[in-house]
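A.B. asks: Sequence:
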Amino acid sequence: MNVFKLFKERVRALLDQAAAAGRLPAGLDHGRVEVEPPRDPTHGDLACNAAMVLAKAAGQAPRALAQLLIEGLALDPAVESAAIAGPGFVNLRLKDEFWRQRLVDILAAGIAYGDSDIGAGQRVNVEYVSANPTGPMHVGHARGAVVGDVLAAVMEKAGFAVAREFYINDAGAQVDTLAESAYLRYLEARGETIPASAFEGLYPGDYLKPVGAELAKIYGDEWRGSGRETRLGPMREHAVRAMMGLIKADLERLGVRHAVFASERALHQAGRVEAVVKRLADQDLVYTGVLDPPKGKPPEDWEPRPQLLFRASKFGDDIDRPLKKSDGAWTYFAADMAYHLDKLERGFERMVDIWGADHAGYVKRMKAAVAALSGGRAALEIRLCQMVNLFDRGQPVKMSKRSGSFVTLADLIEEVGRDVVRFIMLTRKSDAQLDFDFAKAVEQSKDNPVFYVQYAHARGRSVLRQTGFDRERLLRAPLGRLTSAEEMALIRLLAGWPRLVEGAALAQEPHRVAFYLHDVAGQFHGLWNRGNDDPAQRFIVAGDDELTLARGALVQAMVDVVASGLAVMGVTPVEELR
RNA sequence: GCGCCCGUAGCUCAGUUGGAUAGAGCACGGACCUUCUAAGUCCGGGGUCGCAGGUUCGAAUCCUGCCGGGCGCGCCA
Numbered sequence: 001m002n003v004f005k006l007f008k009e010r011v012r013a014l015l016d017q018a019a020a021a022g023r024l025p026a027g028l029d030h031g032r033v034e035v036e037p038p039r040d041p042t043h044g045d046l047a048c049n050a051a052m053v054l055a056k057a058a059g060q061a062p063r064a065l066a067q068l069l070i071e072g073l074a075l076d077p078a079v080e081s082a083a084i085a086g087p088g089f090v091n092l093r094l095k096d097e098f099w100r101q102r103l104v105d106i107l108a109a110g111i112a113y114g115d116s117d118i119g120a121g122q123r124v125n126v127e128y129v130s131a132n133p134t135g136p137m138h139v140g141h142a143r144g145a146v147v148g149d150v151l152a153a154v155m156e157k158a159g160f161a162v163a164r165e166f167y168i169n170d171a172g173a174q175v176d177t178l179a180e181s182a183y184l185r186y187l188e189a190r191g192e193t194i195p196a197s198a199f200e201g202l203y204p205g206d207y208l209k210p211v212g213a214e215l216a217k218i219y220g221d222e223w224r225g226s227g228r229e230t231r232l233g234p235m236r237e238h239a240v241r242a243m244m245g246l247i248k249a250d251l252e253r254l255g256v257r258h259a260v261f262a263s264e265r266a267l268h269q270a271g272r273v274e275a276v277v278k279r280l281a282d283q284d285l286v287y288t289g290v291l292d293p294p295k296g297k298p299p300e301d302w303e304p305r306p307q308l309l310f311r312a313s314k315f316g317d318d319i320d321r322p323l324k325k326s327d328g329a330w331t332y333f334a335a336d337m338a339y340h341l342d343k344l345e346r347g348f349e350r351m352v353d354i355w356g357a358d359h360a361g362y363v364k365r366m367k368a369a370v371a372a373l374s375g376g377r378a379a380l381e382i383r384l385c386q387m388v389n390l391f392d393r394g395q396p397v398k399m400s401k402r403s404g405s406f407v408t409l410a411d412l413i414e415e416v417g418r419d420v421v422r423f424i425m426l427t428r429k430s431d432a433q434l435d436f437d438f439a440k441a442v443e444q445s446k447d448n449p450v451f452y453v454q455y456a457h458a459r460g461r462s463v464l465r466q467t468g469f470d471r472e473r474l475l476r477a478p479l480g481r482l483t484s485a486e487e488m489a490l491i492r493l494l495a496g497w498p499r500l501v502e503g504a505a506l507a508q509e510p511h512r513v514a515f516y517l518h519d520v521a522g523q524f525h526g527l528w529n530r531g532n533d534d535p536a537q538r539f540i541v542a543g544d545d546e547l548t549l550a551r552g553a554l555v556q557a558m559v560d561v562v563a564s565g566l567a568v569m570g571v572t573p574v575e576e577l578r
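Note that my numbering has the first sequence beginning at 1, numbered continuously upward.
Using C-beta positions, here's what the derived DEER-type ranges look like:
1. H525 with L232: 57 to 63 Å
2. T572 with D284: 50 to 56 Å
3. A249 with D318: 36 to 42 Å
4. A198 with E345: 42 to 48 Å
5. P304 with E252: 44 to 50 Å
6. L75 with S313: 54 to 60 Å
7. E381 with L232: 34 to 40 Å
8. G543 with R473: 16 to 22 Å
9. A485 with S313: 56 to 62 Å
No more than 27 Å apart at the CA atoms, straight line, and that leaves these computed lysine-lysine pairs for BS3-like:
10. K429 with K367
11. K314 with K364
12. K367 with K314
13. K209 with K248
14. K364 with K325
Since the hints were made in silico from the structure, they are not lab data. All residues carry an ideal CB built from backbone N, CA and C; glycine is no exception.
Please build the complete structure, drawing on both the sequences and the hints.
C.D. replies: Here you go:
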């Protein structure tokens, strides 16, 4: 149960009653009415802005309207007190008993606590990772993978029907370069000596050596001395399949699973790119024209050239965008339009793409394309992930793609573990740069958020193991024994989990889950520390089984909420710390 | 030159889609402590939310213009 939503409904019901009784004009728009936790907890548990938002339309002073509301709210059995404050806030304090009952909700639901139906089963397509199949995944890919995966999970928890997709960029010049690189490794496997200089402009990484060996095993000398055009197809096919194998293994290591892997090449082969361009042409959204040169940049090799363009500027983009390259091949953009049309045709009217920040320049044109292709019905959201900067004990880790010395995702997971990688990737909002320090990420200290949250879970589990309470018994705990301000604060925080899930899903901000769990852990550790000073405040109180049982219920609820949040993040909750 | 993102305490960052007196951790200053699971704990100082206008009951949040940083800018994906 989302407590805040519950009271928003109650406020709306009161407004409707008042309207029916003639005390308010009929048909007031309740759209901006909100019930939120007040920033300052001394103001109460809930704050409602209805009186201020509706004052003008209702033709009444905010405080008069607020008075009307608190008269009704005061009759609510869950309400301890209702008061007008400031410019017309309605502040509610709920009875402790009401809050304690939320522990029963949590214990009954367990890890499913926080599940919501706010998504109403709406189908959402989340496309993420979508790395070029030219090598193993590196650290930069990991952030998009985790952000996409956890966004998908939190939206599922909020009641959306989520499809997780990976778009394979297996067409274009880069996979041709891959094919030629694999060919050299093939020659090498047949005994030829290939100088390092031969890899100029190609992919020099060792990871293609097994592909060369495999090709040699299958084909023997068949392709030696062949022309580029004849060998390109088979080389490419093998190399791409092998690279997708590497990428899928990396995703598996990271615990990321996509339901659909969509191939760009398959779209080309099925004529889907021509089809999408024709569809736009039929709407008079395609023409042949000449773009202005980019301003401010010395246009050395720039020459005016007529090309096939999409009228992106009609849909909010700055300029129209090319669909064909000078060699007559379709641009990446044209194929990506075909892909997004494919998603639309599969019934997705809500789509999210997770991209690296270096693709920011493509956001407007892709949104323009979706607007054009869907007639404005479908929504495409694009979340950009900023760079990850690697550090080791505060020193930057140098990465160079050219020398092949970049840190792979597999290396990173080997070093710190999957759970740490996933958690740390969510310790910043995705559009801010993230510093990832190897050493700090595995440190057992308060400064390490992964440890801090896991430690709260482990401490909670330790208490529960010692007491041996099972869930049935905890559900019948005498919760009235929970009375301290700190215990009540933890309960309120835990009861905020459903609201957090909904907010993170709607705002598409998975990092909020990590920050929330950090707050819960902090509140719990604070409670624990009080027990260090005062044995009467420990969770296990010798000689008072009822109190121990009640506190056990609180601990179990904390454990459930943390486990629920970690499940969304794809991080394993630990029973104990080594 | 244009577009996008960012600018919040000395540092690293949150800020619940516009709420009340802007928060946390680190660092700093002071006091305490030796453990039900092992990160020590508690208290304190610290701010023109880049700058200037605007919108309204109310702005860190929305709009406009500047300043500063990052990324991108036809024939890469």
